[in-house]
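J.: Each chain, letter by letter, is given below.
Protein chains: 2
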Amino acid sequence: MKLRRRIFVVGGDLTPFIGKMHPDFIWKKHPDFGTRENPTLEQSLSAAINGALESTGVDAAQIEKGFIGNFAGELFSNQGHMGALAVRANAGLHGKPFSRVEGACASGGLAIVSCIDALLAGYDVVMAAGAEVQTSVSARDGAGYLARAAHWDEERSIDEFTFPAMFARRAKAYKAKYDVTDEDIAHVVAKAYANANKNPNAHMREVKVDLAHASKAGDTNPCFLANTELKDHLKVSDCSQVSDGGAAIILASEEGLKKLGKRPEDCVEILSYGQATGPLGQVADYTVLDTTALAAQEAYRDAGIGPDDVQVCEVHDCFAVTEVLMYEALGFAAPGKGTELAKQGETGIEGRIPVNTGGGLIAFGHPVGATGVKQVLEIFRQMKGLCGDYQIPNSPKIGLTANMGGDDRSSVCITLRNVE
Amino acid sequence: MKLRRRIFVVGGDLTPFIGKMHPDFIWKKHPDFGTRENPTLEQSLSAAINGALESTGVDAAQIEKGFIGNFAGELFSNQGHMGALAVRANAGLHGKPFSRVEGACASGGLAIVSCIDALLAGYDVVMAAGAEVQTSVSARDGAGYLARAAHWDEERSIDEFTFPAMFARRAKAYKAKYDVTDEDIAHVVAKAYANANKNPNAHMREVKVDLAHASKAGDTNPCFLANTELKDHLKVSDCSQVSDGGAAIILASEEGLKKLGKRPEDCVEILSYGQATGPLGQVADYTVLDTTALAAQEAYRDAGIGPDDVQVCEVHDCFAVTEVLMYEALGFAAPGKGTELAKQGETGIEGRIPVNTGGGLIAFGHPVGATGVKQVLEIFRQMKGLCGDYQIPNSPKIGLTANMGGDDRSSVCITLRNVE
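Quick mapping for you: the protein sequence lines, in order, are chains A and B.
First residue of the first sequence: 130, per the working numbering; consecutive thereafter.
First residue of the second sequence: 130, per the working numbering; consecutive thereafter.
One or more of the hints may lead you astray.
[Said to hold, decoys possible] No farther apart than 20 Å at their CA atoms in a straight line, the calculated lysine to any residue pairs in the SDA-like style are these:
hint, chain 1, residue 1, chain 2, residue 2
1, B, K131, A, R133
2, A, K526, B, G251
3, A, K157, B, K466
4, A, K327, A, N523
5, A, K131, B, E193
6, A, K131, B, K337
7, B, K337, B, D348
8, A, K131, B, D348
9, B, K131, A, D253
10, B, K131, A, G273
11, B, K131, A, N523
12, A, K131, B, E383
13, A, K131, B, E384
14, A, K131, B, G251
15, B, K131, A, E384
16, A, K304, A, S344
17, B, K131, A, Q191
18, A, K131, B, R134
19, A, K149, A, G273
20, B, K131, A, G251
21, B, K131, A, G460
22, B, K131, A, E193
[As the list claims (entries may be wrong)] Stretches of chain B that chain A covers, calculated by requiring three or more beta carbons in the stretch to come under 8 Å of a beta carbon on chain A:
hint, stretch
23, 273-282
24, 346-352
Since the hints were made in silico from the structure, they are not lab data.
Predicted model only: the values in this text are computed from it and were never measured.
The beta carbon of each residue, even a glycine, is placed where N, CA and C say it ideally should be.
When you get a sec, could you build the whole thing from the sequences and use the hints?
T.: Shown next, in the form of structure tokens:
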């Protein structure tokens, strides 16, 4: 989408992303088990919304419209109608037009797209928030809930862990086509954990996973699929986390910035977005993310930039192979060459195109509806030098996010520019 | 929302709304039970989308963006990710940006709002579609699914039939405050069935309910709530239907009309929309739909019209008392006077302000996500003289829709004008 008005990210906030293995997450191995509870969906959403208002100094009454990214609240938390849930967060939001946007794991990115459309339509100050709670049920039940992002009747039966199996299928095809090894792919996993270990908000901030561990299946890193044709192609370390959490950002037009008393230099500008949707259950080539490629082409074209201009990037690494395929879909690497980027350190924090500097979905965590919102917030934070121990050394001018739903069926790419 | 560009409804289509008591619906009393199945969510959605394309002569490739209204596909059909489901309907849609919008029973209206924002943002031809299948489970289980539109933790326990109980609470409060009887309210029910009996697409097209039946509880019209304080205030005849079905419309800017080879006179113009969201679980006054009133005020103001200008209207009669409260929220009647409008025939097909000419949610049916889309399509069809036996005699110039989610927590009002 070519933007007829200038649009800015004013700032935002997020909750820590937590779940099993996180020190604050209450489960049977935690000393507080039975005496306190983890945050609910509403608590995560409210904390993100109010955090975004507080950290930017924006009054809730100044928010003119809002969009909530959430995938499966009805299932994990018995809660839908997320727009009306969200305005409970702050009395200043009561009565405001808030609604929910859903595109599986791209729900957060789609909430931002809806915000951009609203600003282009004529609103001046809007909010995108995303949240998900997934730890309310077992991993097995949760995998069934998440399988609603696939074509249930045609794809559910591939495995009880439907999405892990679908991406094992991609890993298998990719490794065969390009003679790539598990170790080649594991470089993105090692990078994700190394980055997350520097990120206080990351789900895996205290868990160490090195290249050796991520390269080989074994007792502490099992292949868990039942599907015998795919089982060998996915290990626990290849997977993103089952996380709870929320994120929210505030966006504004130039007129909106004036209303808020903000200067463009306080902000990051959105240059363009690309959005594409592929038909559920109809993937043409398992070695290509063609829907993401389509969205990226639109985003690049409408921003007047190309892959070489990108200096910081957030990609949707729902599984390790996905990050590799993302490098190729976004034009950072030629087909079959994606693993080399990570292997050579080019996508590390100090590399040429730092990707997923806070740990990505694999180690920062993946509270589904929050992820696309967090991606844009992370680019904002890197551009404004707010990333602490995982801050990239040179402040980047141009950034890109790629948020994906299902098996590359909904995709949103957003280009950003630091205003200095 | 004041519209910075002119926006037109080009046309659309819908499936018949079906469910128990409909002659084509397969259930245990149907002769085909066990030999054929009712349409799935995907089939309803696809039929509406392709019907809209065919009836308007628009090529799928000309659709630039789409929004799907659906409330609870994850629960009733194990299916989310509705944007990627929708593009399966037609190869010409593959790759197009489609996403789902959710605001409980206002999901369809919100999909249209997203279309309007997208057109104002710069798109020229867009589609809003809505669909729901609810007959896949028992009415009791379905009521639990629909309760995800309330605040689950705080409101679910009011009754196993949560929403019927919440509106029984409104009926009780309204009758007490204004000394109104069940018979006073039943006039809207008798009107709904009379209209639906003339409508070939209506769920209740063959079921007769007259004023006497709708006024009194009894063996054939039971009060079914368990909550003893509310039980007497809601009968089966007061309720909207558990329906399956889909609806879709195509909207365009002036530039879009040129691309499609359409003239404004072929279309109905959207003058404005109003959207408001109240906090879940926090209704200030059970006798007022304050969120809908807020949305209506915005819609009237931005269209430069008032209630007296409205010549045809679709309101969200999820229960009988809701239609009465809608009359008041929309400014058609003073507080406490809503029942008189229906009693005097003013909202009948031949009245001053015909409301729900096809039978409304009570008798046309209520496939949740489709309802808000169907409302706008019905205004289009009345304005263009396409309503057959239930066509209102004078072609109306100005119309209004009011689509509501939950207990008046999300509300969308749209004003329309016939272009002649």
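J.: Decide, hint by hint, whether the structure agrees.
T.: Outcome of the hint check:
As the CA atoms of K131 (chain B) and R133 (chain A) are separated by approximately 17 Å, the hinted pair is consistent with the 20 Å bound. With a CA separation close to 27 Å, the supplied pair K526 (chain A) and G251 (chain B) exceeds the 20 Å bound. For a cut-off of 20 Å, the pair hint linking K157 (chain A) to K466 (chain B) is broken: about 58 Å separates their Cα positions. For the given pair, K327 (chain A) sits about 17 Å from N523 (chain A) by alpha-carbon distance, which is consistent with the 20 Å threshold.
At most 20 Å may separate the alpha-carbon atoms for a hinted pair to count; K131 (chain A) and E193 (chain B) meet this at roughly 13 Å. For the hint pairing K131 (chain A) with K337 (chain B), the CA-to-CA distance comes to about 54 Å; that exceeds 20 Å, so the pair is violated. Using a Cα cut-off of 20 Å, the hinted pair K337 (chain B) and D348 (chain B) holds, with the two alpha carbons roughly 16 Å apart. For the given pair, K131 (chain A) sits about 62 Å from D348 (chain B) by alpha-carbon distance, which is inconsistent with the 20 Å threshold.
Distance hint between K131 (chain B) and D253 (chain A) is fulfilled; the C-alpha atoms sit about 13 Å from each other, no more than 20 Å. Distance check on the hinted pair: K131 (chain B) and G273 (chain A) sit about 43 Å apart at the alpha-carbon level, beyond 20 Å; violated. A hinted pair counts as satisfied when its Cα atoms are at most 20 Å apart, and K131 (chain B) with N523 (chain A) does not qualify at roughly 44 Å. With a C-alpha separation of about 19 Å, the suggested pair K131 (chain A) and E383 (chain B) falls inside the 20 Å cut-off, and the hint holds.
Distance check on the hinted pair: K131 (chain A) and E384 (chain B) sit about 17 Å apart at the alpha-carbon level, within 20 Å; holds. Restraint check for K131 (chain A) and G251 (chain B): satisfied, since their Cα atoms lie roughly 8 Å apart, inside the 20 Å limit. Proposed proximity of K131 (chain B) and E384 (chain A) is supported: the alpha carbons are some 17 Å apart, at most 20 Å. The hinted pair formed by K304 (chain A) and S344 (chain A) meets the criterion: a straight-line CA distance of about 13 Å does not exceed 20 Å.
Under the criterion of a C-alpha separation no larger than 20 Å, the hint pairing K131 (chain B) with Q191 (chain A) is consistent with the structure, at around 18 Å. Under the criterion of a C-alpha separation no larger than 20 Å, the hint pairing K131 (chain A) with R134 (chain B) is consistent with the structure, at around 17 Å. Among the hinted pairs, K149 (chain A) with G273 (chain A) is consistent with the structure: their alpha-carbon atoms are about 18 Å apart, no more than 20 Å. Proximity of K131 (chain B) to G251 (chain A) is assessed by CA-CA distance (about 8 Å); at most 20 Å being required, the pair is judged to hold.
Restraint check: the Cα-Cα separation between K131 (chain B) and G460 (chain A) comes to about 40 Å, which exceeds 20 Å; the hinted pair is violated. Only pairs whose Cα atoms come within 20 Å are accepted, and K131 (chain B) paired with E193 (chain A) is accepted, the gap being roughly 13 Å. Beta-carbon proximity to chain A at under 8 Å applies to 8 residues in the stretch 273-282 of chain B; the threshold of 3 is reached and the given coverage holds. Remark: the stretch 346-352 of chain B is not confirmed as covered by chain A, as 0 of its residues place a Cβ nearer than 8 Å to a Cβ of that chain, below the required three.
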